[in-house]
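Chain by chain, the residues run as shown.
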Amino acid sequence: METFLSKVAGRLTEEFGNDMHKVIVVFPNKRIGLFLNKALAKNNGGEPLLAPQYRTIDELFESYSDKVVADPVTTVCMTYQAYVEAGLSYTMPLDDFYGWGELMVRDFNEIDQQLVPADQLFQNAKDIEEIDTRFFPDTFDSKTESVLNQFRGTEYAKKQLKRWLELWTKMPLIYHRLNELLASARVESGFALAYKGALQREVIEQGKVVAKEGYRYVFVGFNVLTETEKALMEALKDVAMFINDDAEEDNRPEISIIQATTDIQQAEYVHTWIEENMRNGRIREDRLTHTAVVLADEGLLLPVISSFPPIKTNITMGYPMAQTPLLSYINSLRAKFNEEMPDGMTEEYLQYVIDSLRERMHEGPADRQMPYFYHLMDEALARALFETDKLLQNIRTGQLSSIQGLTLPLVQRILVRMLACHSIAFHGEPAQGLQVMGVLETRSLDFDNLLVLSANEGVLPKNERAKSMIPYVVRQHYHLADEEKKVMIYSNNFFRLFRRAKHIDIVYSMYNASGEAEESRFIRQMLALKDWDVRYSKLVPSASVPVERDQQAFAKTGDIVEQMITKTLSPSALNTYMNCPRSYYYSQVKGLKKEEDISEDLQINQIGELFHKAAELFYSRYGDKAITAEMLDNDKTVEIEKATQGAFDELIYGKKPELETTPGFLLVVRGVLNELMLRLVEMDKKVTPFRIFSLEKEYYCDVDIDGKRLRIGGRIDRVDLLSDNKLRIVDYKAGSKEKSEKAAYSSLGELCNMDVYKQCQHYQVQLLFYSYVLHRIYPDKQVEPALCFPLSSREQGYYPRVRYVGKDGKLADIGTYEVVREDFEAQFESLLRDEIYKEGRSFVSPWDKEREREESFYEKADSTRCRYCDFRSLCGIGKAKEY
Amino acid sequence: MTVYKASAGSGKTFTLAAQYISIVMYEALTRGNYKAFEHIVAMTFTVKATKEMKDRILSYLYDLSQGRNDKSFMGFKQKLSELLLLQYDKMHNNQDRNIYNHKAGKTDSDIVVKTDIMAEETQEKVRMCAREILKAILNNYARFNVTTIDSFFQSVLQGVLYELGMPAEQQLLLDETDIHNKSVDRMVNNLCDDAEGRAILNPILDFAKDSLEENKSGWDIRKELKKAANKLGEEVYKFHAEAIEKESGDGKYDELRKRLYAKRAEIRSEVEIRCGSMMQRALEKKAGSKSPISVIGTAARDMQKLVWKGPNKTIQKVLDGEISGDGIYHDFIDLYKLYVDKSRLLNTIQIVLPHLYTITLLTNIERNMRDIQRENMQMLLSSANMLLRDLLSGDARSFVYSKVGPRLEHLLIDEFQDTSQMQWNNLEPLVEELRSEDKHSVIVGDIKQSIYRFRNGKWKLLSDVADRDGFVSLSDNFRSTRAVVETNNELFPRLASEMDGILEENGYGSNYLSPVYEKNVEVHQNVNKEGGNVRFYMYSKKGGEEAEERLRIDFCEQIKAIRRQISESGKSGSIAILVRTKDEGERVLEWLQGDEELRGVSVETEDSYQLGASETLQVLVAMLRYVEEGDKCKREKSIYGQYIEDVLGEEVRNELEDSREYWLSHPLYEMNDRLIKHFGLGQRGENEYVEKYLSCLKAYLMSEISTAYNLKSLLEKWDTVMCELKVNKTPDKDALTLMTIHKSKGLAFDYVLVPLFDSTMNKEIRSKTTLLWDTQTLADDEDGLKDMLQTVSVLSVSSERGKTSQSLWSEPYKEEVRLRFMDALNSVYVAFTRAKEAYYCWCAYSPEPKTTDTDSIGTPMLKALSRIGMEKEEREGGEIVFTSERELVEVVKEKESYVERLNITDNAKRHPIVAPMYTGEETLPIEIVNSNKALQLFRDVQNDTEEIWEQKNYIESGLIYHSLFENLMTLNDEDVQKAIDKYRLNNELDARHEMTFRRFVEAARSHKVLQEVFSKDAQTLTEASFIVTTEEGVETLRPDRVVLTGGRAIVTDYKFSSYKNLMLNDEKHTEQRRKYYEQLTKYVEMTQRFYKIPAEGWLWFLRDNELINVTKLNK
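Chain order of the listed sequences is V and Z. Read in order, the letters of the first sequence correspond to residues 1 to 883 in the numbering used here. Read in order, the letters of the second sequence correspond to residues 10001 to 11115 in the numbering used here.
Everything labelled a hint here was simulated from the structure, so no lab data went into it. Just so it is clear, the structure is predicted and the values come from calculations on it, not from any experiment. Please note that a few of the clues may not be correct.
[As the list claims (entries may be wrong)] Reference listing, derived: stretches of chain Z covered by chain V, where coverage requires no fewer than 3 residues with Cβ under 8 Å from a Cβ of chain V: (1) 10005-10016; (2) 10051-10063; (3) 11068-11081.
[Said to hold, decoys possible] Some chain V residues judged to face chain Z by a derived CB distance under 7 Å, without partners named: (4) Tyr269; (5) Lys538; (6) Ser542; (7) Phe843.
Ideal Cβ positions, reconstructed from N, Cα and C, are used throughout, including at glycine.
Same shape as in the complex, but just chain V (with noise of 0.2 Å):
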């Protein structure tokens, strides 16, 4: 099949023999001559020939005027000059205003280039509200204003009306206006401003085409037109030849519209869909020009490129820099820059940008493994110092000096915005290789194969919701319709494929990333509307198979034992291993710890260390006073509130001074500290009077484990010497009260059996584990163990003790350790001698007991002890979920 372009060769060659350097062509985009060179060439026989000239046709009209296009920034910001100047009693400031701007000025560059008279649309949109509000035409006037309101809604409606119909009042001032201030700015070179449209619309009113001496022009390709365009075109009709691509052919290509479920699985597919077709030969090597890949969406091209087999490809799109990591930097410098200058204005920061990127540059280069990013890094700092650098003379010296209200975070939207527009292109050699590109790119040029990835409605064609200030019934009566045309400009291109292409394989997913995701309306026109053979698929992924995870042992050789002996057995380290033998082994044996830091949000943990801390501040004033109820209750306030403050001054501000004159959450959690105290006092009241005997001290003793001897004991919360001078072992939970009756649920025999063991048992065992040990030392005095939940001290009957379930099923206070001593201590010694320091067993975690069982549900670990652990990563479990 001819394609479009040799086509077009042969009607240049026809006409123009084999010297065409007189001869202009025009096209929608440049980069079509490289094709058409080719054409010509093949057309000419491999003799040499002159090329013609390439233009777009934007080209072409800069040519005729005087006037330069002004940059976007400059604009927009002059917009807002002329909006401001027209005196409207609301008036945003420009951080609002400047994306009205754009709008502004995508219109106005609209009605010029429709050839609209201005004036007159801007009366009739100011009119549609006036039509619809006939009964009452004048809405300034105050004094009819409260009869109004029962007629227009409400005062707030009104007040918006107004706006409306202030602003399209205005709107010939600020159109006029921004001509004027554009026109009278002049770059360095001496040359006025305009925007696009103005320009085009200047050229053709003021009738400045005329065709250059000597030479022809020729229109390739054009299908829908502006009015501005065809006024062009009329001028140069004499000497201008006109091709267009709107012929049906009667082609059938072979299509597939296949179903994908993610953008990913699209991308992944290309080097599937290249190296089938290069097996069964449609794309041949030496043919590879005929085939391409096209990006509906460009945010595509990246997992494209990263799946894509190394074989000659030309990439047309650059690579996007907004996913260079060098904008995700630029971006880290705002907050950076507002920290370090907190009154920083706009030009400081683009100098702070610039400077920040070129001490970035002189780290020199990055790892020299990859010259592909080190090149992309190169060239995006390039670019970012380049723009940035613009930017900033611009506003010092340039248009944007004379600009009100560019202030720091409009002038950062900005910068950031400017910079992710561009990309970065890549090295290749246009005409060869097999085509990557995006859909606009393919105008004019046809292919053999092709592959269209995300051809998805909102994407295909592009989403763009009809952005215009122009109320809708007078954009249709101005026959005003960007959109449409974009729309029909995209599918003349789209459908156009199909005309000479042999296979086309259409992708789309059903899925994107905010749900359910459309094909597009293209898909649905092909099905509907055209009667072609079309082939369905559905990608699926490959049938691999799982890898089987190597399980390891985690058995306790005689080493690792010997190992465990050496350490002391703390109450929390037996609880881990009670919990999970296999976390035990992780943090003890192997000794690995998550990262911590300190930060304003305090961790769970922490809050009980900061109440620890402020009740042993609270106690230790007393030295080895007896306590009475009577000092309590005098020290309940002023002392309190002090113990706490020392806490944080000791655990928070000790550690990170900052975080005083930033507390934060700090001060709902001192609050309720001071509440948790308060509690504590209260019920220590009632077992006084008493003498402290020890704060936060640490106890040990020895046990022996099969002629091994073993060290175990920690640090305990207090001990008070009561009145009948028993011991009291105090350990506080800040936790709940739910856990504080869920401690009680385990019976006398089950204190030490890890099958049975239960999240809340431990605070049972490390009390029993305490009196154990304080026995030991002290074997002639009673001890009691008492764990006290301060939050519960309010509760009926609360009182601080430990309990366990009795033989006949009740809840019974253990009350002094002697009455469980000889159960305990059995138990106890059993477990650490046949258990946790028996060599040949293995460490296992109930969570492989649990997974043994099922295999799909892989949340349940959650609602029990995995929920916290740091290690449950290691075993595969996922993140815990919240309820």
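Fit chain Z to the supplied structure of chain V, relying on the hints for placement.
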């Protein structure tokens, strides 16, 4: 306007699509207008439903355009025909409004002739119209307005943002939770302890103490605050937001607190004094302990208990006046009355006081929320709806709509029962307007399926509209078997009336549920679906653990039986287990795990396909963390390192350890992608997870441009959002689906099991909460309490049966209870109507029910079941089984109501293409064009001496001089100036460059050959391109200047490098020289070939002003 009440499975989408098409078809047939669709908006509730609706409309139109005439399509054509006739009638106004109740006027031949699309003679026209409509829609797809309510208003809002004084690029947020959370974080982080800060800190502290006391989640106050912030999403808050903010700012809530304390003290003391004296008097009577006087004396000690528990016999007698004689009895009656009266007040104060701080808290969170939105140029959709309300309710409405699109003439609204008040406020004026203009609109809904009250869904709106305008019931069930339909038909009215009975007995009003269920359940049978099975297992609450065990066994056995049945029939069948909450789901899972046979069956839950569950992704994330962690954590202590070692082995860990820097220097996408490829993570059988993850990553990178993303924030994103996202996987055919009833809405399964029915439903009814109530709903009182409370607009109230039901808020409370009953019953309805073939339900009942027991649905269920003629079997242990089974009659099913061409999904399934992930590490050899030398420029800008500048930038300068010379025609001064001007037209020109250029021109004048080259008489080609085909392909050659003069051609190329250097004889420069000569020679040869005249080639070194005649050299 037509209101359809559409029971489950009654072909709602079918009806809506038919309505839609009837409107466009009517216009097309009668007026030749194919663009009527531009004036229709069809609204659905979800994006998924939107797509379904679009598919359906387009497919029907396509079928019409193809002239499809087979039997299964006739149903649709028939329907369409009826609707068209109706419209015709309406236009001609010669039929009465209730035409739906007749058999749509088919006998009236007069009308039929006009538009009956079934008739032979109209076929061609119908086809043509359908095709034209289809074309019109597809060619102007943006106006094919099938949308969710939210996105409809979103587009309206976009049209009036300027008028609202907002920035143009406002981003609308649908999800409120995220911003609630951020607001709470910000509020908490900015707390301070000064006088002003206290105003915020104090309510938070109150809140913190409360939640610690109630112990919702221990210490995690932040989390509790975030939960509390959800109240901001309630409409009652939103409607009063402004007022609340003001009242809160004016200290009204603090003031109220003080006044309530005072009031409470006042009432208490008044009552207590009288109680005290009553006790005293009774005591003084010295009556026997059982005597009535003593009894009332004791009662006076705790009047609250008396009122709460109700009087015992003796006291009742006293109250009834049966015991009298002593004045004290009379006084007691007075006291009792007083107490009842006052206790209403006390209760009211009691349910309000503890939550007063809530409002202050909420306003503070809201303030932070507004700031955040403002800073990020975001707006919550709900706030947007509030803003729109005023614009859309007044005359401004038509203005607003005319701004955004073509005139709206028809509205079709689906799932109307889920519409919220706020949405309706904005829609109603439009609906009314269309109604007054007699435009055809359609509303479809089903109160029975309204289960989203917690999301502000308000079914009353539907019942109001239906009450006013009348409605049509869609009465054919297309989904379920006879057994299911008939059982439901009998069961629901019965159950509704039993539950009504409970409401009535407990004083919550009467006849509340029945009207909804009686009128609507006249579901007819679809003949294609005979057979089916329904079974209820009622087990006694008294049965203890044994009953529980039986339940488990019955349940598992039932599943096994269904699975056997399915496998015997050789067809596939879906089985769903429906529960109310996740916790229940876990319980059910435990049962399944406990069963030998079912243990191996995979169960799909809502969390099944979460990304976080994928080991591959876990190890990838561990790698990312390991890389990110750097040296912060000692290598051997790193959990992530350990994990990588566990999963992939020690070598991988070591390799990663050594290449941290390397990986860190990748852009984020490439870092992920290459880690996956390099370590073979794409070959672990979890490609769907990996692809979904990369998709999310891509979306993340695109969306977070405005905020600085980096590895750390990606990992945070993983933790908070990504790991919970799900893979869109086609469910395993054999798997059991386990889901909540709420999620099941809109779905259908062959077999449905509801195993924990009673606890499920009871939760709906019982849950104790605090509610936000409008103070306008307070009842009157004589003590001024109402007035006091009405100094504020909204209060947070604890809703509990005891106090709230006996307070000034008793009516709203009763309404709340009724609504909960409705929610519960609706959930039952939704659950039971999901079944296509059969459903099974397990429910506990209490053998000795109490009439005051409003909490259990077991009792009404049992009663209802006993009365509807199901087969009943009593088993041991108090278990009762009800069964309804219908005989299966094989009927050939006619599937596919529309043809296949447009149905991509079904077609595609048949041709799977296996698409493995790319596993090669070698990818596209791409290079970045190093075009921009700006970097060089910036790099050396510090040591910017003239010399370096010149040296380093000769390429840039070269470009400038090239184009200057391109414009230079001759060497005379006028032309030189022209060239300079022309250059300036498009570029800036440095004075230095201008000077240099003039210097070059001066130099040129000294060369004879250059004089020729720049002579007026020569035919000049500047920067023209020759195209030539060589062995390597097509080559483009661009000599700087070619002139034809004196019968020969002179080809000149400008060089800006150093001539002297070039002439050096070292290797580098020799090579360079060779290249230059070769290139120029090429130019010369081509020029000769092209012009067929002799040509010579010159290299001009401008900086040194040296000329080389290359042609001569070659010779």
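A quick look at each hint next to the structure:
1. 10005-10016: Violated: only 0 residues of the region 10005-10016 of chain Z have a Cβ under 8 Å from chain V.
2. 10051-10063: That given contact holds, which follows from 5 residues of the region 10051-10063 of chain Z lying within Cβ reach (below 8 Å) of chain V.
3. 11068-11081: Contact hint for the region 11068-11081 of chain Z vs chain V: violated, 0 residues under 8 Å.
4. Tyr269: With Cβ-Cβ at 5 Å, under 7 Å, it holds.
5. Lys538: holds, 4 Å
6. Ser542: For Ser542(V), the interface hint holds, since the closest Cβ of chain Z sits about 4 Å away, which is under 7 Å.
7. Phe843: The hint is violated - Phe843(V) has no Cβ within 7 Å of chain Z, the shortest such distance being about 13 Å.
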